[in-house]
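Got chain A; can you put chain B on it based on the hints?
Spelled out, the chains give:
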Amino acid sequence: MGPVRSLRLPPQVGQPGTTAAMMADVMIALLPALGMAVFLFGIRVLALTAISIAACVLSETLYCRLSRQPLAIGDLSACVTGMLLAMSLPASAPYWSPVLGGAFAILVVKQFYGGMGRNFMNPALGGRMLLATFPMLMTTWPQPLRRLPLWGADAVSAATPMSYLHEGQLPPQSLFQLLLGQQGGCIGEVSSLMLLMGGLYLMLRRVISPRIPLAYLGTAAVLALLFPHGDAGAWMWVSAQLLSGGVLMGAFFLATDPVTSPVTPWGQVLFGIGCGGLTMLLRYHSSYPEGVGWAILTMNCCVWLLDRVGMPRRFGTGRFATFQSWLAQARAYLAPVRFVRPELHVFRNGKMPGEEHLDQLRAAGKNLAYLGAVILVTGAVISGVSYLTGPEAIRAEEERQQERLLQVMPSAAFRSETPYRASGALSITAGYSSDSVLMGYCVEVQAQGFGGVITLEVGVDLNGQVTGVAVVNHNETANVGVHAMTETALSRYIGRSGTLRTSGDNAVDAVSGATATSRAITAGVNRALAIVANLDTEGVVDYVDGDV
Amino acid sequence: MKHSFFGGVYPAGHKENTRRKPIARLEQPPGQVVIPLLMSHTGDAVSLVRQGERVCVGQPLSRGVEEGASVHASVSGVVEAVEERAHPWGRRLLSVVIRNDGKNTPWPQWPAPLDLEKVTAEQLIERTGIVGMGGGAYPTALKLRQAAGKIDTLIVNAAECEPYVTADHRLLLERSGHVLQGAQVIARCLGASRAVVVTEGDKLNAVEAVERRMRRRNAKVELCTAGTRYPLGAEKQIVQTVTGREVFGSKLPLDVGCLVLNVATVFAVQEALARGRALTHRVVTVAGGAVARPRNLWVPVGTPLRCLLESAGGLREQAELILLGGPMMGTPVSDLEAPVIKSTNALICLNSWELRRPRPESICIRCGKCVSACPMHLAPSFIHRALQREEWDKLPALHPEDCMECGCCSYICPARIPLLEQVRQARQSVERGGAQ
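As you go down the protein sequences, you meet chains A and B in turn. So the working numbering is basically just the index in the first sequence, starting at one, shifted up by 522. So the working numbering is basically just the index in the second sequence, starting at one, shifted up by 78.
The set of hints was computed from the structure by calculation and includes no laboratory data. Among the clues, some could well be false.
As the list claims (entries may be wrong) - Taking lysine to any residue pairs in the SDA-like style, the calculated list, with each CA pair at most 25 Å apart, reads:
(1) K472/B to W826/A
(2) K329/B to F842/A
(3) K80/B to G838/A
(4) K472/B to R853/A
(5) K472/B to W788/A
(6) K80/B to M482/B
(7) K80/B to E286/B
(8) K329/B to G840/A
(9) K472/B to W848/A
(10) K472/B to R830/A
(11) K329/B to P834/A
(12) K329/B to V156/B
(13) K472/B to F842/A
(14) K80/B to A397/B
(15) K80/B to F642/A
(16) K472/B to S328/B
(17) K99/B to A397/B
(18) K228/B to S271/B
(19) K472/B to F642/A
(20) K329/B to F642/A
Bound conformation, chain A alone:
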């Protein structure tokens, strides 16, 4: 295709735009939003954008050089990818993130699929979604008008309007603030007004057709109108949905990427509708507050289908005739699909199997044996792991609990959680006998011992008498304090009630050599007795969690 030959082919005039000019127009359209972001988030935004563009261009150059392809950075598509990627990051993103995202976008998403015009997924979005898998990277949004320095940006996370919308509330910002961009969010997404201006510029320059943005925003608006939340009316909800988050950026700049959107006009309309529907579905029902990226990526995968569905009707054939021919074609496609009953021949044609057939059977059996072996090994590994970890640990814990229950309240067979809370008690459980009669309460308390905190579990029956004491955890000296925890030492508390003293009436003598520990245990038992005595089992039970 020499230039001279194409010169002679009609038409002799052409529209002046080229692919590079289209891409340059997209970058021009992004500039207002970028400028606003620099105003809101500081100079760091520019640095991020520059790094992102440089990473994309460098990756493209590197790939072209290594694969000995002609250099294709002249069409500016790598620059657009870099710019879009940077603009879908938060301003506080670390500097390595656009490098990683850009390299992924250009190399994996674009070049490995054949380069410009052949990738099926939007490269910038692909890079962004890779970065979204890093924790904290895409969930901390700097506050607007708190300009970040170039280095050492401390990310103070601001609640984005999206998090309010996700909760079903209107964001605190006014519509005017949302339009200007005083909201937390990605670099490019915050200023809706600038994005609208950019989109309008692209449509006026006929770089993009209005089909995708209008279908996208229209579907999103209709869905928001049908299912409004908040208390300021449906239209406020619709405008808040459209002006916050990435929906404008997605509709004007990401979904309209020529390579990854349908070619046919009706396909483009359906694409926009699908994007809008998926975005609202994800915003309403997913755990992540924003759904634009996933919606567009999902619809990118449907482009092949949408192109076929949206193929223009042949000139001169009516709509009904077109529909009929479409049906006929579908029927023709389905006609050869037939259910064939699987036939198993052990004896082919009623003859005894020959040596050859046996060989085949043997080969098939070998394959099946491999499959079976793999399944067996996998199953064994899975069940072994689960046997060793999950149930075993739980069973051990249960046994320990049971043992302690036996020590604390021998008459009880099992225990259950109670809704009661009391200060000083770690937990209060109720012990039941084997025929489900309430025997008493087990109280877990703490007391200050010689070497630290001793955690005790004390069983108290319904008469207010101690049924048993068990030490759950302690830090006492191995040879000294432990003397106060022997079974005999602890069994001295059984049957006591009221307030125990260290000497005199109703006293438990301290074990010699372990006085501090003994006193601590006595104090713990006292506390447990007091808790059970004051337990308000009659009143209204309050189930609210928290410290009471």
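Chain B in isolation, oriented as in the chain A frame:
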């Protein structure tokens, strides 16, 4: 209900240089005219004159064979030769060369003018040795004979959507009465209930002139002014714009009850009926950035293109490409000695700025602009892909045979892929039935 056609492109009009220039005669009548005997695509004609014979303006030079159109002398003078000369369609074809004596003596045997109120369909058909003057060059008599009694709408095509060309615009503006009268007569003779003149929005002074004339005459002709969009002047698109009917691939507008005639053709028919004159002159726009004084000229058929350029002040700079017809569908001229024929509406000399820059084609980025620009509902980008991957079996389902070569796809493509050429290639492959 207002109809319109799908797609289309908006090329820069460049009509401002010639739209206000009245139709002028040639500054110097040509010393010699070359009248090719082949004027229409459908058939040849046999010469009636011999070398040395004197001819007058309007004298028949050929006897039309069954399907062809007869030609007439456009100047008076002596036949110098009957020989093969350069033809604007590129070959050398048999032509009558007449030396002009400058007197413009009319042919004494001109048929008497007819009363336009009483013209019958037969008279209408036999009087007109006319071919379609918009570029199709189909014999009008043949068209009228086929259409008689079968149509309900006559469409007078004054859309002239090609850039630079203003010949039809000036004709409609300056001869609106004749055009309206002609349209009315043709519609009445053919039994059409509706006659519509279609123009574009960039010809508002002509629209105004026609409206004023219609008010005064109380003419039963409608005027339809459509938005300026490129292939409006194409037959199928103009039928769709006026009536909403779509003409299927290989069919003619006749099959949906419409007849489309160019405004110059209607004017020529009216001249033939009311004044008994044959088609010997026509309006040609000489324009383009390389032309010194662009203008609309009233030119005898057979005038060499060189004379037209001289009348327009010659070239003021290097013309990269000289075209017959507009830049979208026109054909490049290789020889300026080639004559003006009946279907020549413009001579466009483009300089290097106006021409499409010769950039190498790049990769298709699937922007879909060709699909939304194709007025024939084709998907050139899919055809391009199928050709690239040599998937010949997929081509028939894409119907490349519907293409009418308007060039919208090549015009709009930002990757500069010669899509029109590829669709043409695909059509040839489909016509040959599959592979290659």
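Results for each hint:
1. K472/B to W826/A: 15 Å, holds
2. K329/B to F842/A: It holds: about 19 Å lies between the C-alpha atoms, which stays within 25 Å.
3. K80/B to G838/A: With Cα atoms ~18 Å apart, K80/B and G838/A stay inside 25 Å; holds.
4. K472/B to R853/A: Answer holds: K472/B to R853/A is near 18 Å, not above 25 Å.
5. K472/B to W788/A: Answer holds: K472/B to W788/A is near 21 Å, not above 25 Å.
6. K80/B to M482/B: 24 Å, holds
7. K80/B to E286/B: OK: K80/B and E286/B at ~20 Å, within 25 Å.
8. K329/B to G840/A: 15 Å, holds
9. K472/B to W848/A: 16 Å, holds
10. K472/B to R830/A: 13 Å, holds
11. K329/B to P834/A: 19 Å, holds
12. K329/B to V156/B: 44 Å, violated
13. K472/B to F842/A: 24 Å, holds
14. K80/B to A397/B: 42 Å, violated
15. K80/B to F642/A: Violated - the C-alpha atoms of F642/A and K80/B are around 39 Å apart, more than 25 Å.
16. K472/B to S328/B: Holds, at roughly 20 Å.
17. K99/B to A397/B: 22 Å, holds
18. K228/B to S271/B: Given pair K228/B, S271/B holds - Cα atoms ~11 Å apart, limit 25 Å.
19. K472/B to F642/A: OK: K472/B and F642/A at ~21 Å, within 25 Å.
20. K329/B to F642/A: 39 Å, violated
Hint violations for this structure: numbers 12, 14, 15 and 20, all remaining hints satisfied.
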